[in-house]
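Enquirer: The listed protein sequences derive, respectively, from chains A and B. Heads up, the final residue of the first sequence is numbered 184 in this note's numbering, and it's a clean run with no missing numbers. Heads up, the final residue of the second sequence is numbered 429 in this note's numbering, and it's a clean run with no missing numbers.
Think of the hints as simulated: they come from the structure by calculation, not from any bench. The reader is advised that the hints may include incorrect statements.
[Unchecked claim] Derived list of chain B stretches under chain A, where covered just means 3 residues or more per stretch with a C-beta under 8 angstroms from a C-beta of chain A: (1) 69-79; (2) 161-172; (3) 338-347.
Positions of the beta carbon are idealized from the N, C-alpha and C atoms, including for glycine.
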Amino acid sequence: MGVSGGGGEKMNAEEAMKKFQDNGYEAWLSSRNAGVKNRVERKTLWVKVERDSIREAAEFLKNMADEYPHFSIISCSDEGEYMCLNYHFTLSYARRLQEFIVTLKVDVPKDDLRIDSIADIFPAIIYSEREIKEMAGVEFNGIPDDRHMFLTKDFPSGVYPWRRDETAPKETNKLYERWKNGA
Amino acid sequence: MAHEYELSIGPIHPALKEPIMIRVKVEGEEIVDVDVIASQNHRGIEWLGMNRNNAIQSIYLAERVCGICNFCHPSCLVMAVEEIADIEVPERAQYIRVIQGELERIHSHLLWAGVAAHELGFDTLLHYVWMVREKVMDVLELVNGNRVTKSIIMYGGVRRDIKEEHVEHIRKMLDYYRNAFSKLAKFFLEDKTMEKRTREIGILTERDAIELAAVGPTARASGIKKDVRQDFPYFAYPDFDIHAITPDELTGYTVGDVYDRIVVRLLEVKQSIDIIEEALNEMPSGEIIAEKKLVKLMAKIKASEGEAVARYEAPRGEDIHYVKLKKGFEPLYSWKVRAPTYINILSWRPMLVGYQIADIPIIAASIDPCMSCTNRIAVVKDGKERIFTSDYFHELSVKKTRRLMK
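Just chain A, same shape as in the assembly (with noise of 0.2 angstroms):
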């Protein structure tokens, strides 16, 4: 499609795969059947990237197959000693049966939370960068813009709704705790 991106060929999730794994990537798929009559398999495929190659990673999928990749959202877990963001996108889209999801999966270490900003590459993910910045605490480089999305301005700094360490929120839960009490 017309966009800067997307100049690659048509393919489908396990030539994905294989794209990536050659370029020295670790890739795996994932999937699940839908469909009553007519079953169909409908595939996820994973991509575990280095923090510090998150920028080229990002490059190569949007230049990967012949159309430019939908991004979808960033979610993110803590697991301990640094939390993993997943950058999930869709390639195939617009054709019937063949879309596919593809993860970018990296984990950054809680002693150094910070991340380049892949916002220049695509556009659209600005809105998530700067949420996952204010839930989760991970500094983006380069982002173009660092306003708070979502949480209030005087949102307490420090303290992060997604962690689950010592920046997790404390006091919110006073009313369930009250209730589970008996109070």
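Once you've looked at the hints, dock chain B against the given chain A.
Expert: Leaving out everything else, chain B in the frame of chain A:
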């Protein structure tokens, strides 16, 4: 040189009704720049699902992400958990899920059509469309016992069957909408004023739609044939011959303006009618849920570990939920909800720039924004911004009760 002024629409504004702030820079009447301040109140739904609730309670929480799409979000969550815990859904339940999803699309698109008419100052049409919409609401009430927040989906199936006596009512509703369609199309697409206010207004080019990752009717109205039900189907959707609807099907060409977004939604109502009819004809008999005992189900989910991404074509566009479960951990270990408006508000900028202030309400409404699924309120009084806490509201509430008791 003309002076540039900044105009704030929101956080609460009569033209938008939901809490979001659009800050536009204008030169005379023309919009030159747009900044969206995605409100200042966060309900913390994901946090609740990750800390307070167990996985079953989170279904009902997900239902409250948005009142209108109260089937989409729980469906997305349920699909992700079913994938991780490897729960197979009975065939009949897959068909019931399709019917429920399409009933929701009909009511949501009609609700939007009413709002769009209202934004243009055409309130007679608003009342007419919402009257028409009541038909599907009646059916929803009949089948589910509730008009909204129907609590119908469950891990491994659905909670209520569509019975023989319901089918007759649903078929009558389908006939009613087939007859109403030509009238609605005439009011929305042939009316001179409607056309003047929506044609060539708020254009989103195909290129911008791709780059800003637009989803749903917003993307399709710009000519991208993208629909999760067609590309990455779920439930029983692979059984149906679903194609993504673009405006050229009706008008012969695609402009990507507000008018085209109306066309797409109207055609999708028609498509939903056909899907429901086919589903009623083809629906297999059998069980509607894989595991009836909730304690057993809960134990199974608690013993599961893994991660999954689920996607669902909601009336406004694609919903996507990421879920991670950890063995022995009762709430969802990680949960990310992405509602369609989250990504579609990025398209407001290219849609608004170059148009007039008076076009803001209809352009903003044309993506069918749903703030409750995107966010989450600042109160501005006498030019000062104040943030109210729940404790403050609680205090106010207690005071009012005391006053009433006197």
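Enquirer: The structure should be examined with respect to each hint, and the outcome stated for every one.
Expert: Hint by hint, here is what the structure shows:
Given as covered by chain A, the region 69-79 of chain B passes the check, having 5 residues with a CB less than 8 angstroms from a CB of that chain where 3 are the minimum. With a cut-off of 8 angstroms between beta carbons, the region 161-172 of chain B has 0 residues touching chain A; three or more are needed, and the interface restraint is violated. Three residues within the 8 angstroms Cβ limit are the bar, and the region 338-347 of chain B against chain A gives 4, so the coverage statement holds.
Consistency note: the structure conflicts with earlier hint 2 alone.
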